[in-house]
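Generate coordinates for the entire structure from the input sequences, incorporating the hints supplied.
There are 2 protein chains.
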Amino acid sequence: MALIVQKFGGTSVGNVERIQHVATQVAKSVSEGNQVVVAVSAMSGETNRLTALAQEMQSRPSKREMDVLLTTGEQVTIALLSMALQERGCPAISYTGWQVPITTDNVHSKARIEKIDGEKILAQVAQGKVVVVAGFQGVTTDGDITTLGRGGSDTTAVALAAALNADECQIYTDVDGVYTTDPRVVPEAKRLERVTYDEMLELASLGAKVLQIRSVEFASKYNVPLRVLSSMKEGGGTLITTEDNFKDNDMEKPLISGIAFSRDEAKLMILGVPDKPGVAYQILGPISDANIEIDMIIQNQGVDGNTDFTFTVSRNDMEPAFEILEGIATQLGAREVLSDDTIVKISMVGVGMKSHSGIASTMFKTLAENDINIQMIGTTEIKISVVIDEPSLELAVQSLHEAFELDK
Amino acid sequence: MALIVQKFGGTSVGNVERIQHVATQVAKSVSEGNQVVVAVSAMSGETNRLTALAQEMQSRPSKREMDVLLTTGEQVTIALLSMALQERGCPAISYTGWQVPITTDNVHSKARIEKIDGEKILAQVAQGKVVVVAGFQGVTTDGDITTLGRGGSDTTAVALAAALNADECQIYTDVDGVYTTDPRVVPEAKRLERVTYDEMLELASLGAKVLQIRSVEFASKYNVPLRVLSSMKEGGGTLITTEDNFKDNDMEKPLISGIAFSRDEAKLMILGVPDKPGVAYQILGPISDANIEIDMIIQNQGVDGNTDFTFTVSRNDMEPAFEILEGIATQLGAREVLSDDTIVKISMVGVGMKSHSGIASTMFKTLAENDINIQMIGTTEIKISVVIDEPSLELAVQSLHEAFELDK
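These protein sequences, in sequence, are chains A and B.
Once you know that position 64 of the first sequence is 64 in our numbering, the rest is easy, because the numbers rise by one and skip nothing.
Once you know that position 11 of the second sequence is 11 in our numbering, the rest is easy, because the numbers rise by one and skip nothing.
Relax, there's no trap hidden among the hints.
It does not matter which identical chain is used: a pair holds within one copy or between any two.
Here are the simulated lysine-lysine pairs, BS3-like style, with alpha carbons at most 30 Å apart: (1) K190 <-> K408; (2) K63 <-> K28; (3) K63 <-> K120; (4) K110 <-> K120.
Worth flagging that the hints you see were computed from the coordinates, not collected in a lab.
This one's a predicted model, so the numbers in the text were calculated from it and none came from an experiment.
See the structure below:
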């Protein structure tokens, strides 16, 4: 008998029919012999409705009171889902965050879980009940209600799975798993049976927005097997787990798991900077101070004692970064500042890279064969990213997907 | 500096504008030098909306889960009202029932308050904050969420006032106080400055539905001065307090405080019953067993060894009571069973009756002068009730109101 934590998000419980559908699904898991703990979000739309009410009350709504207000959303869902389960002959009981309790720090609106006491839940599970827990919420040691921030229900589910030592944490979403790339760009994209936590983190941060990064980190830290499934469509989804679990069938493990890409990229260049120690900090320090996140960085040393810096930021940050750079350029006596927001980033992700060479060269060769110019290159242990012109995005992803036989 | 508990019901917090209006009113009380604790209900309509959702989930919704569901209603209100107060520069903090905590027994949907711990509230009040408490809800010692039943926010307010040893408990409603009678029947009806708990209980149970009976009983038990006020209209409302508080100006205290009446009355008669010991029980026992509440009872002894029984019930209960009576009549060999649902009950209420005679005779004289026939009479220490024909209701109430100079 396996103990499973299942998480259903706002869309999955968005109306009466959806909640009934979830109840049927949970009841099925139980009838298959599993012990089930469910974490749910507020019904979709509810958070926006409550936020709108708050904004009519207070120009900058109190974060403490906002947490009191928003946590009613999941409280409604846990009660309704418990009722729907009982109606299906499946004993069920609801718990709010404070009832569990899920203890957090006191940072309202983005609290962090400090401790989950699994005792009450496990006692109910042992009695044959499904325990329906409110996601996204917790309580401080002083008894104040907190929220984990938007989308925090994933984190609740993973933290519950860790605390209860569950066999698996299943995240039900509107997609049926993690794909080799975006099927809207490559119709042949295939669902991955499994990926490692590290791969998932690279894929998620690069735009495959299936899971919250934080919950994947959490799952990785506590070694909780995580499965992404569709709440609408049957299927095994994608299992996210440690690399160890791949050892058995390493031969079958593909070199590359997936291709992520991001259109929200802009490039800034500061050219002809006198090449002295500390110049990188003088350029990038003020950018960071303005809370602009820098992604890739390249420095080209010139022959004339000057150097060129190129780095990428989100498109929204390009203008403010450009203004800061112009000030710096004057200060440092740099030649020119340029910006370009017609670039994209493509990343190939795979733990197989660790032990296999030649992936980068295959990637570059494939792009060259398609006349796609690489503007920047960045690598990590399990990822190679390139920056290219936006119009080449589709062709690049499609040809790489084919070259690495991800459709096989 | 007075400590006041103010209660606002669902209509008073029914939308954004109403909540803002309540916030302005509470802030005014604070600016007048009072310490204020507020108890609020769910926004009107919210309970019905949630109940409808529950009914779609489960044919007979679980009472435990129903309490989890419904208590979100007040939780939304406390957060919004706290925000609105803060926006007015009035420091405020919200507490749910479990946060106070308001400890109840574990009878879901109609729990009784066992204990209120006032410590947290008083600490916040001492810091100059308005504390906004969710009405209608509590928590068991096991940490389960409970509700006090519909309209239970009045009880929360009175219980809070008792626990905090508040100077006054103010119940804001859609009427501006307790009247000498229904102003729709007697336009000259006057608002009472004060009534005693006992009078209020008689007036409330007889149809002047301003306050929950239970909260008046509670206030009486703990000697909490209770004031009924309008949340829309300025004015001192009606103070409900002990008889002791009237002693000082007993001379001014009217004999009669008010005239209550009820149209929901039906009369049943069983005639020609052999007059033997135990016959009253034989007749009324089966009626009570059928959960039919009997109000007034009269027994007339006949000359022929037979007796007639007359009693009143709610109009809804007349048919079932009639059927039961017919069975009994056959059994006992009674002559006839009659019913009449065109009757009403009028009750004159006043603690002054205790020390003054002649009130009943003035009442009967007034009715006689207006050709109104009295069918039944019942009295308590502070009340005289008569049953008359429904068509005479308005004339009777108007003429009694005038005869006892209640409009003066």
